[in-house]
Each structure stands twice: as structure tokens, then as C-alpha cells.
Amino acid sequence: MTEANAGAMAAAALAPAKRRRRLRGATVLDHVILILGSLFMMVPLLMVLQMTTMPDIEVIKTGPTLQLGGEFGSNFQKAMFEASGFSGENTGVSMLVNSFILGIGFAVGKIVIGMMAAYAIVYFRLPFATFAFWVIFTTLLLPLEVRILPSYEVVQRMGMLNTYQGLIIPLIASATATFFFRQFFRSVPEELVEAARIDGAGPVKFFIDILVPLSRTMIAAMFIIMFVYGWNQYLWPTMITTEEGMFTLVRGIKQITQVMEGNRIPEYGRANLLAIIAIIPPVFVVIFFQSWFVKGLTESDK
Amino acid sequence: MKRAGFTTRWLPILLLLPQLSIIVIFFYWPAGHAVQSSFFLQDPFGFGSTFVGLENYVGLFQSSEYMRIARFTVIFTAVVTFFSLALALLLAVKADKVIRGAKSYRTLLMWVYAVAPPVAGFIGLIMFNQSWGPLTRLFGWFGYDFVLGVNYWDTAFAMMLVSVWKQVPVNFIFFLSGLQSIPKTVREAALIDNRSATGRFWDVTFPLLAPTAFFLLIINITYALFDTFGVVDTLVKGEPGNNPMTLVYKVYVDGFRGNDLGGSSAQSVILMLLVLALTVFQFRLVERRIHYT
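Residue numbers (the numbering used here), protein chains in the order written: chain H, 325 to 626; chain D, 2 to 294.
Wrong hints could be hidden among the right ones.
What the hints assert, rightly or not - Derived CB-CB ranges, DEER-like:
#1 I589/H - D146/D: 17 to 27 Å
#2 E567/H - L277/D: 28 to 38 Å
#3 D146/D - T386/H: 17 to 27 Å
#4 I384/H - V53/D: 44 to 54 Å
#5 N152/D - I428/H: 37 to 47 Å
#6 E567/H - F207/D: 50 to 60 Å
#7 G102/D - Y488/H: 35 to 45 Å
#8 V432/H - I14/D: 16 to 26 Å
#9 I428/H - I193/D: 48 to 58 Å
#10 F405/H - G49/D: 22 to 32 Å
#11 N152/D - F608/H: 29 to 39 Å
#12 V36/D - T386/H: 52 to 62 Å
#13 I428/H - G102/D: 45 to 55 Å
Said to hold, decoys possible - Lysine-lysine pairs mimicking BS3-like chemistry, simulated, CA-CA at most 25 Å apart:
#14 K98/D - K619/H
#15 K619/H - K238/D
#16 K385/H - K238/D
#17 K619/H - K95/D
#18 K402/H - K98/D
Source of the hints: derived by calculation from the structure; they are not laboratory data.
C-beta: ideal position from N, C-alpha, C; glycine also.
Take these sequences, add in the hints, and give me the full structure.
Okay, structure coming up:
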């Protein structure tokens, strides 16, 4: 500590009242900034929520207001059970089911395949290990968005348009989960394998009875990240699913918007409610499993 | 490899098989196909194709429309990256400091992470609705007539605002966890040496956060380039017309609407090179990052 600083501290000690007031001023400012930030995040959602309770005709006149309307029930009925497209198949319920299939199927598929591959890479002596490693991890470099068109052609040629396989499997073709589990497996103490081997456990038994239970937290964290990622996919489902019965909620948003704009009386109630329904499950998962989610996000480094 | 626990031959191959086959079929094949067809001119009705060498690429760089979109993408990326990083850093520093309500603030500031980009775009459409959108009205009070979907820069502004709104939470989470990993002893030492909070931030906290910030910079650029597709698509209501768009959106429009496979593939290849360059850059930064921690 320098002498000047010591002097400053002594001066501060002499004027405790003044210092406390200044500190409190700073704290208030901190809270003001945080509240403004929270409002920036929350207010758009609250407005959309408020609009789900209004009849469509009111919305056209006033937009979002501060008063709750009484139309939530009928808007909900329309959004969930009446189809918005031409074929009559894409009701809110069917889109919700498809979204869950995509989110859960993607997360589970990615975790299972990733864990298997990571296990093979970390725990086995392979002749082509380095080669396999590079083949797998190059996929981290190119997002699906830059190769959408040829990927679409491949799926088309395999006859997988408008199927759940076509929707989910190509999305799994990137090694984020594999990379994540490889990092984790490498941090597992080596003595465990030795001990398991001495006890006579084979590689399959070691994997299922020791490694998988050890990875529980990691699996949970990965599942949350991957579920949200899968649920929120837009471009790929837009291209792969043309049948309305296959639409997910996020995929359906565009069509909902177009229906909303096209009708004589735009169906804001239905559109707003479907947007809210598309938001709720992933947000719920993120909020309620916050610590796992943050862990998964920051430790997987992408 | 430091460990090689088991020597079974067939098991690892069996374990790797699903991952490898998916990658080969859905990654290498399409990626290779994109590179290949970028050198061909496809007949729009599907009657074969002719080899044209680099013509597709030359055509792109000579097209004033493509260059205009590229310029817009650069501006868009810069603005979105800067504002989402700056806002998130400010909020993370404050959220790290306050004691009361820290957990509530954290939740309120991070939930938007889970909102899908097109849904965020939809909320943008509501906010900027022509006749009653709250933000349109706000602009109206200041005497500005905001017209989404008609005025080029108005649409661009809406895209940027929505994209920033969607990206702040990710940065916030990373900054906050970076801040919380700064050892308590370092903070206390800084508190003794430097009484000004601003000075402490720039002299101690910020350099310690620099690795996180570098990492986030790349993440944000990638986000603005690729993940904003849903935001752009919803806000232009699927009708690009005279509206601003990003390079990824152009790939989609040309390939799917225009049926210009060669040109679209060439654009894909350009984007691939861009991502590769970013990744190489990132790896070099990550290597440097080791020195900090």
C-alpha cells in the first residue's frame, strides 16, 4: 500500500457519514441500471402476454394496453385446437407435440451419440484415433446454415423430407456434445479405470455402471442446452417440413405471421398466444435448471 | 493420448460408427457437394449442368447487389456485436456487485436466451406494428415516422435491436461467470490499492475479463452472421424485396427462391471460408488465453 493511499483511507475513515451516503448513491445507481436492463428484457414479453387476453378487434384499435381483457380463454381455444393453415393439421397442439419431439429427440440423440464417440476416443487404443478425432471435430467449424442447400438435397434424395428422422438426424451432425464429453472424460481420474479393470469389469460394464452415473450432472447440463437449441431450430425445419402436420411451433411462427397479416381481421390473439407457447417450455427449463444450464453453457464453451 | 484403458478392437469402432456415419452423410457429403456445384452453372429446370470454373464467384463479386448485402452484413455484425457485448458487460458488472435481489436480476436478465430468433422477430413485429406498435408510437412522439418493411434503415434498426435483445443474455451469463471466477483476494487487493470503482474496473477487472471478452467476440460475430436468420426472415415477412438482409439470408433466397444453385453454392463456400478464418483466429486467441488463467 502506498502512502498516498493510506492517507486517502485515513481521510475516508474521518468522514464515515459522507462515505456511506456516497456508497448508497452508487448502490442505488446499480439497482437502477439493473432494473432498466430487466425492463428492457421483460416489457416486450409482458406486452405480448397482455395482448393474449384481448379480442382481435380491440388489438387493431389500441395495441397493447395496461388492462387485462377477458378473451384469454377463447384465444387459447383458437390457438390450441383450431388449425391455422389450409390442410387443417397444424393446430397448436400438434405443433407443440412436434416441438417436443424435435427438442427431446435432438437432445437425446446428440448426447447418446456424443457420449459413445467420446468414450471410444478417450478410453480405447485405436489405430486411426487421431484421424477419427479430426474427422469429428472439423464439424465444429461449419454451422448448418452455410451448407443448407446441399444438406437439403441429401435429405431429399434419401426420401426423408417431412419425417422426424430428416428433421433431427442432420442437426446431430456436429460434434459439440462429443467435444464436451471428451473434455469431461479426460478429467475423470485414471485410477477408476484401473480399479474397474482389477475388479474384472469390461469396457461396457465400466461405461454403464461407472462412467454414465459419474456424468449425470454433465448429461443434465448438456440436455438443457441441447433441448433449447433443438426446440429453437428454425431454418432447417422450414426447409425440411412442408406438410403442415409436421410443423413445430418455431417453424409455424412465420406462417402464423403471414396468416395474421393476410386476414381481414388479423388474428393477433392466436398469433400472440402461439408465440408465448413457443417461448414457455425452453424458458421454463432455463429458469428452473439455472445452475445446470449456466454450467453447461460456460463449460462447453459453445 | 494419455490413457488407453481398453484394448478391445471391435467395440470402439462400433461406438464411433453412428457419429461417423451421420457426419459423413450429413456433413462431408453436403459440404463437398457445395464446393463442387459452386464451379457449375445449373440449369434452373434441372437439365444437367455445365462447368464454368470460377465464374460463379466472379459473378458474385461483380454484382452490386451482393456487395451491398455484404456491406450491410458487416455493419449489422459490428453494431449487434458491439451493443450486445457492451450492454451485457455493464449489466454483468452491476449484477455481480449488488447483494440484494442478485438472483432475481440474474433470472430476469438471462431468460431471453431461450427465446427462438424467429419468435424474437415476431415480438419485434408487434413492437413495430405500423398503427399501434409501442415503439412506432415512441418514435412518433419524437416526430419520426417509423415504417418497418418499407424504409430500408428503419427495418435495419429493428433487426439490430431485436438481435441485440436476443444476444445480451448469452453475453451476460458468460461475463457474470467470468467475473465470479475472479479470486476474492485479487478483488480485495484491488480495493485497497485503488479507491475509485471506475479505475478498479479498467485496471483490474477488465484485463481479467479480456479472455472471456475475446471468446465472446467470436461467438457474437458468428451469431450475427448466422443465427440471426430467423430474426431477418420474420422481420422482412418473407418478402426480401428492397429490405436489408444478411449474407446467410441471401444464400437461402437465391438457392430456394431463385433456384440459382451455382451462385448460392458459391456464396456458401465464401461463408465457409469466413467461418474457417474466424475459427483459426479463435484458436489462436484461445491459446493466448492460457497465459491469463
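These are the hints, each one checked on the structure:
1. I589/H - D146/D: 17 to 27 Å: 25 Å, holds
2. E567/H - L277/D: 28 to 38 Å: 36 Å, holds
3. D146/D - T386/H: 17 to 27 Å: 20 Å, holds
4. I384/H - V53/D: 44 to 54 Å: 52 Å, holds
5. N152/D - I428/H: 37 to 47 Å: 42 Å, holds
6. E567/H - F207/D: 50 to 60 Å: Hint holds: Cβ distance 52 Å, inside 50 to 60 Å.
7. G102/D - Y488/H: 35 to 45 Å: Given range 35 to 45 Å: holds, Cβ gap about 43 Å.
8. V432/H - I14/D: 16 to 26 Å: 23 Å, holds
9. I428/H - I193/D: 48 to 58 Å: 52 Å, holds
10. F405/H - G49/D: 22 to 32 Å: 49 Å, violated
11. N152/D - F608/H: 29 to 39 Å: 37 Å, holds
12. V36/D - T386/H: 52 to 62 Å: Hint holds: Cβ distance 54 Å, inside 52 to 62 Å.
13. I428/H - G102/D: 45 to 55 Å: Because 34 Å falls outside the window, the suggested range is violated.
14. K98/D - K619/H: 21 Å, holds
15. K619/H - K238/D: Given that 25 Å is the threshold and the Cα spacing comes to 36 Å, the pair is violated.
16. K385/H - K238/D: Distance of about 22 Å is within 25 Å: holds.
17. K619/H - K95/D: Since the Cα atoms of K619/H and K95/D sit roughly 21 Å apart, the hinted pair holds (cutoff 25 Å).
18. K402/H - K98/D: Violated, at roughly 46 Å.
The structure shown violates the earlier hints numbered 10, 13, 15 and 18.
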